[in-house]
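Student: Residue strings, one per chain:
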Amino acid sequence: DSGVTQTPKHLITATGQRVTLRCSPRSGDLSVYWYQQSLDQGLQFLIQYYNGEERAKGNILERFSAQQFPDLHSELNLSSLELGDSALYFCASSFRTSGGDTQYFGPGTRLTVL
Amino acid sequence: AQSVAQPEDQVNVAEGNPLTVKCTYSVSGNPYLFWYVQYPNRGLQFLLKYITGDNLVKGSYGFEAEFNKSQTSFHLKKPSALVSDSALYFCAVRYGMGSGGSYIPTFGRGTSLIVHP
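In the order they appear, the protein sequences are chains A and B.
Per my numbering, numbering of the first sequence is gapless, rising by one per residue and ending at 155.
Per my numbering, numbering of the second sequence is gapless, rising by one per residue and ending at 170.
Please keep in mind that the hints were generated in silico from the structure rather than gathered at the bench.
Watch out, some of these pointers could steer you wrong.
[Claimed, not checked] Straight-line Cα separation of at most 30 angstroms, BS3-like style, residue types lysine-lysine; simulated pairs: (1) A:K50 / B:K122; (2) B:K111 / B:K122; (3) B:K102 / B:K130; (4) B:K122 / B:K75; (5) B:K111 / B:K75; (6) B:K102 / B:K122; (7) B:K102 / A:K98; (8) A:K50 / A:K98; (9) B:K75 / B:K102; (10) B:K75 / A:K98; (11) B:K111 / B:K130; (12) A:K50 / B:K102.
Next comes chain A alone, as it looks inside the complex (with noise of 0.2 angstroms):
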């Protein structure tokens, strides 16, 4: 257990909805960041936000938004959802920003559009 957990497991909805996944971080941890992983396009890292910033962007659609909370939680906003959406998306936590800090993977959201 990496102590990063997420909500919810699994997620199923239709084209054109609009979801929001959870993510709480390690105890004491400060940043996070989402990917998202699918057999296509294997493992891509979409956002990080650090103590409530946003801290960098990676390949996230405008239809996708994410905030981090004053208690750090973080949550994954995704719209007008498409059915090449669904995947599997991961949270990991990491106590700073370092280059050489370790990320802890949360267990996961699967979201299936249909």
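Once you have looked at the hints, place chain B on chain A.
Tutor: Quick look at chain B alone, frame taken from chain A:
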């Protein structure tokens, strides 16, 4: 720009034999290199990392990796494979600056390790 390559989609090895999972990277400057393992329907678990110092890094579950700067490689190794080592292995590199001094991580596509009894 940074990139990492795992040239083998799948590695097959017999239980008890040594295993190697290959990783090469491309980055400007000094890299931070990581190995993670993913079991089915689970998140990624940290195995080991190289930041600086000794080129041979020892990690969890008997795994080790050797940093080779001249060959820009960071291959994962284990002297004696177990059936329970069968999983998906990811190499990752971090370098470069996002806003405010962050380091954007790049992961390889993963290598499926299958250990046969």
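Student: Look at each hint and say if it fits the structure.
Tutor: Here is how each hint holds up against the structure:
{"no.": "1", "hint": "A:K50 / B:K122", "result": "violated (40 angstroms)"}
{"no.": "2", "hint": "B:K111 / B:K122", "result": "holds (17 angstroms)"}
{"no.": "3", "hint": "B:K102 / B:K130", "result": "holds (13 angstroms)"}
{"no.": "4", "hint": "B:K122 / B:K75", "result": "holds (14 angstroms)"}
{"no.": "5", "hint": "B:K111 / B:K75", "result": "holds (16 angstroms)"}
{"no.": "6", "hint": "B:K102 / B:K122", "result": "holds (15 angstroms)"}
{"no.": "7", "hint": "B:K102 / A:K98", "result": "holds (23 angstroms)"}
{"no.": "8", "hint": "A:K50 / A:K98", "result": "holds (24 angstroms)"}
{"no.": "9", "hint": "B:K75 / B:K102", "result": "holds (15 angstroms)"}
{"no.": "10", "hint": "B:K75 / A:K98", "result": "holds (28 angstroms)"}
{"no.": "11", "hint": "B:K111 / B:K130", "result": "holds (10 angstroms)"}
{"no.": "12", "hint": "A:K50 / B:K102", "result": "holds (28 angstroms)"}
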